[in-house]
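Based on the sequences and whatever the hints tell you, model everything.
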Amino acid sequence: MIDLTASEIRDGVRAGKWKAREVVDAHLERIAAVDPKLHAYLHVDADGARAAADRVDASGVKGLLAGVPVAVKDNMCQRGIPTTCASKILEGFRPPYDATALLRALAAGAVPVGHTNLDEFAMGSSTENSAYGPSRNPWDPTRAPGGSSGGSAVSVAARMTPLAFGSDTGGSIRQPAALCGVVGMKPTYGRVSRYGLVAFASSLDQIGPIARTVRDAAMFLQAFAGHDALDSTSAPAEVPDYEKDLEAGVKGLRVGVPKEFFGAGTDPGVRAAIDAALKVLQKQGATLVEMSLPHTDYGIAAYYVIAPCEASSNLARYDGVRFGHRAKSFDGLIDMYRKSRTEGFGEEVRRRILLGTFALSSGYYEAYYKKALQVRRLIKNDFDEAWKKVDVIAGPTSPIPAFKIGEKANDPIAMYLCDVLTVTAPLAGIPGISVPAGFTEGNLPVGLQLLGKEWSEATLLRTARSYERETEFWKRSPAL
Amino acid sequence: MSLPWETVIGLEVHVQLKTRTKLFCGCANKYGADPNTLVCPICLGLPGVLPVLNRQAFALAVRAGVALGCEVANVTKFDRKNYYYPDLPKGYQISQYDRPVNRKGRLEISMPAANKNIGITRVHLEEDAGKLIHPDTEGSSGVSFVDLNRAGVPLVEIVSEPDMRSPDEAHAYLAALKEILQYVDISDCDMEKGSLRCDANVSIRRPGDDKLGVKTEIKNLNSFKSVAKALAYEAARHASIIEGGGKVQQVTLTWDAIAEKTVVLRSKEEAHDYRYFPEPDLVHIQADAAFVERIRQALPEKPAARRDRYVKELGLPAYDAGVLTGDKELAALFDKLRGEGLAPKVASNWVMKHVLAAMNEKKIAATTFTDKTRRIAELAKKVEAKQITGQTGAEIFAWILGTPETASVDEHILKQGLAQVSDAGALEAIVRDVIAKNPKVVADYKSGKPSAVQALVGQVMRETKGKANASVAKDLLVKALEC
Ligand SMILES: [Zn+2]
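Listed in order, the protein sequences are those of chains Z and D.
Per numbering that gives the first Met the number 0, the very first residue in the first sequence carries number 0; after that it's consecutive.
Per numbering that gives the first Met the number 0, the very first residue in the second sequence carries number 0; after that it's consecutive.
For the record, the hints were derived by calculation from the structure and aren't laboratory data.
One or more hints might be untrue.
[What the hints assert, rightly or not] To give an idea of the interface, some chain Z residues facing chain D are shown, with a C-beta separation under 10 Å as derived from the structure: (1) M75; (2) Y194; (3) V197; (4) S361; (5) L372; (6) V374.
[Said to hold, decoys possible] If you want the footprint, here are the derived chain Z segments under chain D, 3+ residues with CB under 8 Å: (7) 82-94; (8) 198-207; (9) 229-239.
A virtual CB, placed ideally from N, CA and C, is assigned to each residue, including glycine.
So, in structure tokens, the structure goes:
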């Protein structure tokens with residue numbers, strides 16, 4: 000049962016082939032069996048999951064996700080369920096509300112099984128920055144699963160759930176999806192409501208699906224995309240039917256291959272896998288177009304100014320006054336702030352808060368924040384130019400496959416560079432997907448990244464599905 | 000003898016907007032509820048929540064700008080003002096930095112010498128913070144409580160140019176600002192309840208100097224009196240520092256209303272760096288010309304213009320016009336009475352005499368009379384037509400106040416027999432009777448004291464319980480006494 004895709008589970012529940020309860024029990028059993036080795040979960044809500052499954056079974060309405068177990072990244076609020084962002088500062092916090100995307104999935108019949116691990120406040124690319132210990136890559140548990148949505152990618156890769164919510168700010172869905180061999184999509188900024196997603200960098204954050212197949216990702220996104228009155232930045236635009244043209248193929252599609260996506264640091268195994276993937280698309284009727292996105296290399300610099308600036312402000316609310324961690328002893332108000340925040344936040348979060356606070360300070364704002372916004376505009380212009388010549392841009396999701404836990408933990412710059420191919424999409428607000436593209440010689444998954452213009456999710460899903468149909472890498476599962 | 004100084008003053012006034020709900024959430028915007036009862040995840044700043052702009056608040060901010068003659072921005076945006084304080088749940092205030100809703104307005108103040116225009120730099124929209132409560136009960140020292148009912152209440156901040164030259168001008172500016180904001184119905188402007196709050200910037204220089212002196216800022220002045228006193232105190236303090244050879248330090252101060260002096264809150268070095276940046280959770284807001292024009296059209300008439308119109312077009316005495324327009328509701332009542340067909344002076348008399356008396360006596364608002372104007376006008380017409388006496392009119396007015404508008408004035412008069420008696424035949428018998436019963440007064444009259452007749456008129460009025468037409472009664476008495 001754990002090998003079923005989400006759409007198979009849903010169809011079976013609708014047809015009465017099996018009950019949602021049986022499905023969730025099988026997955027809870029799988030979590031109990033493998034998660035002690037992988038640490039994908041911070042909190043498993045078995046009772047809540049069974050109750051939700053029973054409600055689906057009792058209900059006459061079988062929605063788009065009827066009976067499908069779903070993992071929730073621990074930065075998405077779920078009513079009454081501990082939501083910590085993998086931070087000590089939110090220990091014990093139970094939101095009195097559901098994130099809109101989660102609420103919509105629940106309304107479609109999804110069964111939430113628990114909250115997954117992440118880099119604290121989604122700040123990281125390995126899930127090592129979790130205050131509750133790292134998650135492990137199911138393909139090699141000595142390696143990191145990527146991040147920040149590492150727990151969610153692990154949950155899907157290791158058959159603990161067929162679907163998981165991720166959030167992407169600079170690559171936090173696509174990179175762990177690539178490193179764990181699953182499908183992950185970052186939708187266009189504004190496609191999905193951010194209400195209830197604990198903010199890291201508000202102008203970049205976007206919730207998206209992680210799934211084993213492209214069809215499952217399409218179906219999942221369909222269930223929670225769309226305008227929300229509670230999020231002013233969510234777009235009022237209609238959500239198209241993502242499954243409608245999924246099998247339509249790529250004949251005539253112009254696929255741009257930017258030279259900047261294959262820099263010196265690209266792992267040879269990754270390079271080989273992506274070259275092969277591009278040949279598959281070509282064979283299926285797509286035209287490959289060599290091109291350039293000249294400002295790609297500046298993406299990291301711009302991203303690591305803008306995101307920390309917004310984070311320094313977004314994380315100011317964790318002050319020990321109303322909820323979360325408060326230092327046990329302190330001397331006055333300022334000392335309470337200082338101690339509560341120093342104790343509550345991990346090193347990387349503190350580093351980014353300081354970075355952002357500095358970059359927004361009087362006298363530095365122009366040199367850093369404002370300059371970064373200008374670079375952001377240039378990156379967007381690069382893409383706008385590109386769409387005149389190509390429909391989709393393809394390349395690796397990550398220049399390297401999964402790295403050893405601890406390997407980059409003490410070198411923040413090396414860690415930041417992991418994001419070089421993923422940060423430009425959120426900076427430009429465009430959608431991107433990572434789809435399994437085979438393995439390196441060391442049997443580590445590689446992800447093919449596809450980027451498209453705003454609101455082109457359907458095109459990306461169709462392209463990814465076309466490639467997936469030929470290769471079927473998703474059918475391989477890690478030995479555990 | 001020391002040279003004279005010129006005081007230069009600019010004011011920053013925060014005004015709470017009269018909206019149903021808060022600026023970015025659905026909580027009620029209400030004063031005086033139990034602590035932390037008007038809160039939700041959004042105004043508590045819980046993780047993951049997002050602000051959604053209250054369009055009514057935005058429209059009121061535009062209305063404030065239009066009323067103050069500002070240029071309204073076509074596109075405006077919000078920014079975050081970052082600082083830590085326990086009454087600020089998110090650790091930042093959503094405010095406006097470089098693209099405020101309104102810029103470049105002005106406000107006319109009237110001073111004894113001449114009227115003067117004070118420039119308005121900007122009027123922007125922002126959210127209020129909560130309140131800290133410091134209990135002074137025993138055993139609670141060092142503990143403070145936070146009430147977030149006020150957190151997220153919409154404010155406009157109105158920043159003036161440094162155009163005022165005396166504490167009196169600052170006082171006049173505040174009074175004019177309060178008057179106009181109340182008039183256009185965007186705020187109660189009640190300083191006691193904190194719906195109008197004032198910070199003042201003050202510096203001094205020699206008359207004729209182009210350059211401004213070093214300024215100090217006085218925060219949270221909570222009454223008009225405090226504003227005038229604090230500014231006078233501060234200007235004098237600056238003068239004594241400079242005259243003593245010192246330099247004024249740029250500091251932020253508070254006014255100690257009990258000791259009547261300013262106290263340093265923080266120095267320039269301790270000033271906050273608010274790290275403003277664009278609020279990424281809100282989109283830019285368009286205010287197109289048609290929207291602004293609709294707000295302009297719907298703007299109530301300004302008090303000064305209305306006062307002028309009452310004098311010039313309706314012929315009211317300046318005093319009456321001043322009193323009526325001093326309270327918007329009173330003026331509205333006056334207009335409504337005129338709408339019921341009363342002549343301006345008659346309507347004015349009824350408001351000035353009966354309505355104001357009842358308001359003072361019973362401590363009620365002018366709006367209490369809003370749904371009673373039909374009967375008040377009916378009553379006023381009967382008094383004008385001498386169908387009832389002024390005294391009876393006053394009694395019926397009191398009766399109207401205590402009864403619903405559906406109760407008929409005619410029926411009441413009929414039932415109570417209150418119609419004025421002007422019929423000579425009906426009064427003659429009473430007149431004869433009064434003359435017979437008061438020989439001493441009659442003797443006084445006949446011995447050359449014509450004023451004695453007034454006492455007899457009074458007797459007739461008493462006998463008729465005030466219903467007699469006094470002048471008819473007097474005529475009858477004189478006639479009877481002369482023969
Ligand atoms: Zn609220």
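Here's how the hints hold up against the structure:
At about 8 Å, the closest approach between the beta carbon of M75 of chain Z and any beta carbon in chain D falls short of 10 Å, and the interface hint on this residue holds. The closest approach between the C-beta of Y194 of chain Z and any C-beta of chain D is roughly 5 Å, which is under the 10 Å cut-off, so the hint is satisfied. The interface hint given for V197 of chain Z is met, as the beta carbon of that residue sits about 4 Å from the closest beta carbon of chain D, less than 10 Å. Hint status for S361 of chain Z: holds, given a least beta-carbon distance of 5 Å to chain D, under 10 Å.
Interface restraint check: L372 of chain Z against chain D, minimum CB-CB distance 9 Å, threshold 10 Å, status holds. Because the beta carbon of V374 of chain Z sits about 16 Å from the nearest beta carbon in chain D, more than 10 Å, this interface hint is broken. Coverage of the segment 82-94 of chain Z by chain D holds. Counting CB-CB distances below 8 Å, 5 residues qualify, and the rule asks for three or more. Three residues within the 8 Å Cβ limit are the bar, and the segment 198-207 of chain Z against chain D gives 4, so the coverage statement holds.
Coverage of the segment 229-239 of chain Z by chain D holds. Counting CB-CB distances below 8 Å, 4 residues qualify, and the rule asks for three or more.
In the structure shown, a violation is registered for the earlier hint numbered 6 alone.
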